[in-house]
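Starting from the known structure of chain A, fit chains B and C onto it as the hints suggest.
Residue numbers (the working numbering), protein chains in the order written: chain A, 1 to 143; chain B, 1 to 96; chain C, 1 to 86.
FYI, nobody ran anything at the bench for these hints, they're computed from the structure. It cannot be assumed that every hint is accurate.
Cut-off 20 Å, straight-line C-alpha distance, at most; resulting in silico cross-link-like pairs (SDA-like, lysine to any residue) [stated by the list, open to error]: (1) Lys47/B - Lys9/A; (2) Lys47/B - Ala100/A; (3) Lys90/A - Tyr65/B; (4) Lys47/B - Phe136/A; (5) Lys67/A - Phe136/A; (6) Lys47/B - Val106/A; (7) Lys98/A - Lys47/B; (8) Lys9/A - Tyr51/A.
Note that the coordinates shown come from a computational prediction; the quantities given were computed from them, not determined experimentally.
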Amino acid sequence: MKIRDLILKRITTLVLPFIQVYGFYIIFHGQISPGGSFAGGIIVALGYIAYATAFGVDEGRAVVPEKVTTYAESYGTLWYALLGLVGIAKGVPFLANKLAGIDVGVPGTISSGGLIALLSIGIGIKVASTMVSLFFTMLEEEV
Amino acid sequence: MNFRPLVAAVVAVMALYAMLAAVAELPPYGAPDNPTFNQLAERYIGKALEETGVLNMVTSIILDYRAYDTMFETVVLFTAALAVMVVLRTDKGMGG
Amino acid sequence: MSLVKLGLVDYGNMLMLFVLIVASLTVYFIRDLLHAVIVYGVFSFIMAVVWLQMNSPDLAITEAAAGIITTVLMMLVISRTSRREE
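Isolated chain A, as found in the complex:
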C-alpha cells in the first residue's frame, strides 16, 4: 500500500461519519431549517461516493450492494405515492396533509408538519440511491 493511499483512506474514514450525519440532519430537519430532502439525499450519496472513490469499487459495492440501491430507488417513489393515498382514503384530494385530518404538531419541533417528515425521508432515500446507482453504473460497467 502506497503512503498516499493510506492518507487518503484514513482521512476519508475520519470525515465520512460527519458527512453522513450532516446529510441525515438536513433530511430530517427539512421542516425547521433550510435544506430539504433533495440536498440531504445528495449529501448522503456523496459520502458513499467518497468512500467508494478512496477504497475502490469492490469495497464500495460491499457496503452498498446493488440490491439495496435498486430496491430503495423503486420503493422510494412508491412510498411517496402510498402516503399520497392516505388523502384518498380519507375522502380528500391526493397527497392532502392537514385536510386529511393529520395532526400537524407544534411548529418548530422535528415531528411537526404531519406527512411532510415522512415524505422527506422517502425522497431522501430515493435521491441518495439514485445518485449512488448512477455513480456505480457509470464507474464499473464496461462497454
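Relative to the frame of chain A, chains B and C by itself:
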C-alpha cells in the same frame, strides 16, 4: 449573388425586435403591484405556518402545496437512472 | 436613475457575478473538457455563495450539493469517453 445570409440577418433582426418588444411590455422589476404579488402569494405567506405547521416555507410549498409536482420530480430521477442503466448495462443481468 | 450608495457587500456581489460570467464563458470556449468541468465546479460554488447572499439558503445548500455531484458524474463520463473536444 447569394441572398441567404441577408434573409437570415433580416429574420434575426425581426426576431430580436419581437423579443425586445415583449421584454418592454413586462411589468417593472420589483414593483409592488406586479401580477406575481397576487392572492396566491399572500395566502402562502400568510397561512403556510397555520396550514402545514412547518417553519420553513419552501418546504411547506414543495412538500405540501406542490407535493404532486415533487412526486413527479422523483419519477424524473427514476427515469434518468433507468436510462443510464438501460444504455450502460450489458450482459450481467439484473439483481447481480 | 437614482444614485445608489454601494456598500462593501455590493461590490463583493458584483465581483462574484462578474466571476460567474467569466466562468460560464470559459466553460463554453475551453477545449479541454476536464478543465471545463473543473471551471463548472467553480461556477457552482460561487453560485451557491451568491444564493446565500440573496437570502435563500435552501437554494444555496442544494446548489452546492448538486454542483459537486454533477462535477463527479461529469468526470466519470469524461473518464469513459475522450477528454479532448473533437
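We went through each hint and held it up to the structure:
no. : hint               : verdict
1   : Lys47/B - Lys9/A   : violated (50 Å)
2   : Lys47/B - Ala100/A : holds (17 Å)
3   : Lys90/A - Tyr65/B  : holds (18 Å)
4   : Lys47/B - Phe136/A : violated (44 Å)
5   : Lys67/A - Phe136/A : holds (12 Å)
6   : Lys47/B - Val106/A : holds (15 Å)
7   : Lys98/A - Lys47/B  : holds (12 Å)
8   : Lys9/A - Tyr51/A   : holds (8 Å)
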